[in-house]
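From first to last, the protein sequence lines stand for chains G and D. Note that our numbering has the first sequence beginning at 1, numbered continuously upward. Note that our numbering has the second sequence beginning at 1, numbered continuously upward.
Derived from the structure by calculation, the hints contain no laboratory data. Warning: the hint list may mix true and false statements.
The list makes no distinction among identical chains, and a pair is therefore deemed to hold if it is satisfied within one copy or across any two copies.
[To be verified] Using 30 angstroms as the maximum straight-line C-alpha spacing, the simulated BS3-like pairs for lysine-lysine come out as follows:
1) K95 to K125
2) K2 to K125
3) K121 to K2
4) K159 to K121
A quick note: this is a predicted structure, and the numbers were derived from the prediction, not measured.
Number of protein chains: 2
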Amino acid sequence: MKTHLTSIAIMEMEQRERAQLINSITGFKSVGLIGSVNEAGKTNLAIFNSFVHIGANPPLIGFIMRPDSVERHTLSNIISTGYYTINHINASFYKQAHQTSARYPVEVSEFDATGLTPEYKNEFKAPFVAESAIQLGVELKERINLNINNTILIIGEIKEIYFPTHCLQADGYIDIEKAGTIACTGLDGYHTTQSIERLPYAKP
Amino acid sequence: MKTHLTSIAIMEMEQRERAQLINSITGFKSVGLIGSVNEAGKTNLAIFNSFVHIGANPPLIGFIMRPDSVERHTLSNIISTGYYTINHINASFYKQAHQTSARYPVEVSEFDATGLTPEYKNEFKAPFVAESAIQLGVELKERINLNINNTILIIGEIKEIYFPTHCLQADGYIDIEKAGTIACTGLDGYHTTQSIERLPYAKP
Numbered sequence: 001m002k003t004h005l006t007s008i009a010i011m012e013m014e015q016r017e018r019a020q021l022i023n024s025i026t027g028f029k030s031v032g033l034i035g036s037v038n039e040a041g042k043t044n045l046a047i048f049n050s051f052v053h054i055g056a057n058p059p060l061i062g063f064i065m066r067p068d069s070v071e072r073h074t075l076s077n078i079i080s081t082g083y084y085t086i087n088h089i090n091a092s093f094y095k096q097a098h099q100t101s102a103r104y105p106v107e108v109s110e111f112d113a114t115g116l117t118p119e120y121k122n123e124f125k126a127p128f129v130a131e132s133a134i135q136l137g138v139e140l141k142e143r144i145n146l147n148i149n150n151t152i153l154i155i156g157e158i159k160e161i162y163f164p165t166h167c168l169q170a171d172g173y174i175d176i177e178k179a180g181t182i183a184c185t186g187l188d189g190y191h192t193t194q195s196i197e198r199l200p201y202a203k204p
Numbered sequence: 001m002k003t004h005l006t007s008i009a010i011m012e013m014e015q016r017e018r019a020q021l022i023n024s025i026t027g028f029k030s031v032g033l034i035g036s037v038n039e040a041g042k043t044n045l046a047i048f049n050s051f052v053h054i055g056a057n058p059p060l061i062g063f064i065m066r067p068d069s070v071e072r073h074t075l076s077n078i079i080s081t082g083y084y085t086i087n088h089i090n091a092s093f094y095k096q097a098h099q100t101s102a103r104y105p106v107e108v109s110e111f112d113a114t115g116l117t118p119e120y121k122n123e124f125k126a127p128f129v130a131e132s133a134i135q136l137g138v139e140l141k142e143r144i145n146l147n148i149n150n151t152i153l154i155i156g157e158i159k160e161i162y163f164p165t166h167c168l169q170a171d172g173y174i175d176i177e178k179a180g181t182i183a184c185t186g187l188d189g190y191h192t193t194q195s196i197e198r199l200p201y202a203k204p
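Generate coordinates for the entire structure from the input sequences, incorporating the hints supplied.
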């Protein structure tokens with residue numbers, strides 16, 4: 001049996017219920033930790049699940065940010081330094097990753113609060129998460145205000161990539177399932193995956 | 001052992017290899033079929049893996065489109081009619097879903113070419129995919145050109161939702177894994193999922 005919700009029914013829902021519904025109904029999502037640092041060297045770590053591929057040449061990744069939320073420290077750090085990291089989440093530390101979404105005061109680093117380890121390397125300005133199997137170093141390229149609901153699309157260029165060598169396939173594809181990356185649903189659901197297959201390029 | 005790729009190494013890669021790398025390195029993705037129709041009633045169906053949650057109040061979903069690609073029929077239909085559907089993909093028909101990415105001529109509907117079934121209901125202007133467990137009816141709200149690489153962010157408002165009734169949880173969350181929705185990686189990798197757990201709202 002199927003349930004049908006109309007626009008009126010969706011808009012009449014209690015706010016948190018609608019947030020759960022709409023966040024989950026749009027499908028499986030990437031989930032990652034954004035590492036950043038302010039000018040004084042104070043680190044910040046925040047979980048995001050709104051990443052989107054923008055392009056490969058140059059390599060661009062976007063994510064959506066709500067400016068009025070716990071995410072604001074991440075935003076101010078990215079704007080002031082121009083750099084951030086995106087770190088995949090593995091099943092071994094998803095609880096710590098989720099815990100970064102708590103509203104810690106600005107003087108508390110989520111690295112310290114959750115026990116995750118900041119890792120600086122190859123002179124990249126922002127901290128990676130040492131526990132992450134796949135780590136991206138990203139340079140801010142564009143901030144686009146979405147007037148429709150006052151969210152912000154942040155677009156960055158991927159400048160550094162670290163991944164487990166055995167996950168690279170001959171054609172350039174990285175097997176992120178083999179690397180242990182997990183997926184998420186809604187605001188709080190975490191999932192491991194099981195590959196069905198990779199399909200060849202489709203022709204008519 | 002980890003491999004480290006610098007910006008120079010990424011930009012020196014062969015183009016298709018870089019496309020595989022960058023599309024896969026950004027994490028698991030939603031994958032869905034966008035159903036649309038032109039003014040003459042000709043249907044179109046295309047697979048997309050660049051959906052992003054924009055907001056829940058009102059319920060907004062975005063996706064990224066390359067204007068010079070096979071996706072252009074979808075774009076012209078969405079702009080001329082103002083409506084489209086987003087349909088989850090289940091393991092039972094992922095091969096047909098993938099096949100919609102082939103470059104069919106404009107006079108061929110991907111519904112006919114792949115054997116998927118257009119479903120019109122409740123006077124919504126665009127066709128749903130009858131085989132999909134979860135179906136969204138969406139109204140175009142905004143088209144934002146991303147000058148950085150000439151892609152387009154299409155933002156729509158979710159006006160209709162159909163889902164299997166037994167997948168709804170008490171707080172509004174839809175268990176899309178129970179509905180059989182699959183996830184994707186890269187350009188061509190399909191995955192089922194296994195729930196780890198849902199975590200409670202995080203507090204410091």
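Tested hints:
1. K95 to K125: within (26 angstroms within a copy, 43 angstroms between copies)
2. K2 to K125: between (50 angstroms within a copy, 20 angstroms between copies)
3. K121 to K2: between (51 angstroms within a copy, 13 angstroms between copies)
4. K159 to K121: For K159 and K121, only the intra-copy Cα distance (13 angstroms) is at most 30 angstroms; the inter-copy one is 47 angstroms.
Checked against the numbered hints above, the structure violates none of them.
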